[in-house]
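A.B. asks: These protein sequence lines are chains Y and X, in that order.
Residue 14 in my numbering sits at position 14 of the first sequence, with consecutive numbering throughout.
Residue 214 in my numbering sits at position 214 of the second sequence, with consecutive numbering throughout.
FYI, nobody ran anything at the bench for these hints, they're computed from the structure.
Given the structure is predicted, the values throughout are model-derived calculations rather than measurements.
Glycine is no exception: its CB is placed at the ideal position from the N, C-alpha and C atoms.
Check the hints yourself; a few may be wrong.
Claimed, not checked - From the structure, some residues in chain X lie toward chain Y, with a derived Cβ separation under 10 Å:
| no. | residue |
| --- | --- |
| 1 | E175 |
| 2 | L176 |
| 3 | V177 |
| 4 | V272 |
For reference, the chains in residue letters:
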Amino acid sequence: METLLEVTNLHVNLAGYHILQGVNLTVPEHAVTVLLGRNGAGKTTTMRAIMGYLRAAAGEISWRGQPLAGLRPYQIARRGIGYMPEEGHLFGNLTVQENLAMVGTKGTQHAARLERALTLFPDLRTAWARRAGTLSGGQKQMLGLARLLVADPALMLIDEPSKGLSPGMVEALAATLCVLRETSTILLVEQNFHLARQVGDYFSVIDEGHTCLSGAMAQLVERADWQRQYLGLAVTSGEV
Amino acid sequence: MGIYLTLALNGIVNGSLYFLMAAGLTLIFGLMRVVNFAHGGLYLWGAYLAAFTFATTGNFTLALAGGAVVAIVLGVVMERGLIAFVYHNENGQLLVTMGIMLILTELIKVPFGPSELSANTPNDLSNSWLVGQVVIVQYQLFMIAASVIVFLLLLWVLHKTRLGMIVRAGVYNPELVEACGIAIRRVFTMVFAVGAGLAGLAGAIAGPYLGAVTPTMGFDMQLNVFIIVVVGGLGSLTGSFVASMLIGILTAVVSFYFSSLAVLVNVLVMVVVLLIRPQGLFGERESPA
C-alpha cells in the first residue's frame, strides 16, 4: 500500500507556544487513519500544518514523497489534499449549491460526483437554494462532507466531524464515513472513540504535542489499557 | 415646485457621484473589511489625471480610462506593498491608509501644483434643456447613467458569476476558499484593483461636474462616502446605491437651506440608522457557519 502522506518529527510554534513537539504520522492510500488524543493534544494543529496554514518550525511533511514545505494552502489543495476543518467548514453566506460549486463546476466527472454526493445526502437536494448558514448542525456536516466528495481529492483531511452532533446523527455520520472509505483515503481527527473504531483502519495518538502510539485500529480496540492510558477512556468489559 | 425638482435632480446627481466612489469602497471596506482611508486619494489622482488627459488630448474616453487606470495601478501597489500586511489588523489599516492618503494628497501637488486645475466638460455632453422649470444638463444625465451601469454590472458580477461567488466566499471564510484550491490573495488584489479603479473613475467623472479639481477634493468626498457605505450596510451594493441617493438628496437640500450643516446632518443620519438598525439599511447580520 503506497504511503500518500508522511509527517516526520513535526514541530510547530503557535503564539509563542511550542504546540507540536515531534509528531510522526504515516497515511497509507485507500485506508482511514484516525488521529486520536485528548483535547488540546495538537490534532487540529497537525491538520492545519499539513494544509499549510501553519509553518513547521522543524520536521517535514511530504506528499507522495515530495516535501510540502513553503507551499500555500491552495497549492497543497491542488496537489490533491481536501480539508474539512472542525469549525468554519462551509460558506454560511452562500447557498448549498454555491458551496458545492466552490470546488468546480465543469466536466462530466464533476456531475457524477455531485450526483453521488446528493444521493448520499438527499437533504442537501431539498435545501439546494438555502443559505448554508441556516442549515441544521447535521446538515452542515453533510454539506462539508459533500464538498469533499465533489472535490474528490486523493486524501481527505476531516477534523472532528462528530463534534456537536446528537448520538443519532453520529451513527448516521459513521455510516457515511464507512461509505466514503470504500473509495477514498481519509485522515480523520476524532475524539469519539466509538466512531473512530467503526471507521478507522489505522490510528495515531497525539499527546502533549507528540506522537506516542500508532498502529492498526484493531490493535487499539483490543487493548483496553492503551485506551485508558492514552485516550483517558473508562473501559468496562472491553466495550467503549 | 421648480426649486424642489431642481434640488431633487441635483441630489440624484450628487448621489450618482457618491455611488461611483462608494461602489469601490463597498468592495474594499464593505466586503473585504479593509478600512481604506486612502480611497479619497485614489479618487483625487483619477480626477487630476483625467482632467490633465482631457486638457491635453481632448479625448474624454481616454481621460476616463486614464483616471481609472492610474487609480488601479496605485491601488495594486498599495495593496501588495502595504495593505496585504495588515489584513487582520484594523488599527494598522487605519494608520497605513491614512498615511497613504496624506502622501497621495501632497504628491499630487508635485506635478500639478497646489492650485486648482480646471476640468472642462466635453462638448458632446454639454447640452442642456429646460423641462418645465427645471434645467437638465446632459452631463448630469451621463453621471446618472454611469452610476446605474456600474451598479448593475457589479451586481451581476457579484451574484451571477463564479468570480463573484468566490469573492463572497472569500469575504466569509478566506481559509476555506484556499482549501478549495483557489488563490484568495490574488482574488483580493483583483477586488482591491476594481475598487480603486472605480474611485479613479469617480474622480474622472467628478472633475467636469465640479468644474475644477483641487488637492483637497479627496478629503472632501471621503467622509460622505464612508457614511454611505455604513448607512447602506457593509458589503451591500444595493444599500450603497440607496444610501448614496439618500445622502445625495439630503446634501442638496440641506446645503441649499443651511449650507454649513450638510456634513453634520449626514453624520446624524448615520447615527440614527445605526441606532435603529446596526447592520445598516440593507446589511445582514452574519449567519453562523
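A.B. asks: Taking the earlier hints as the rules, which of them does this structure contradict?
C.D. replies: The structure breaks only hint 4.
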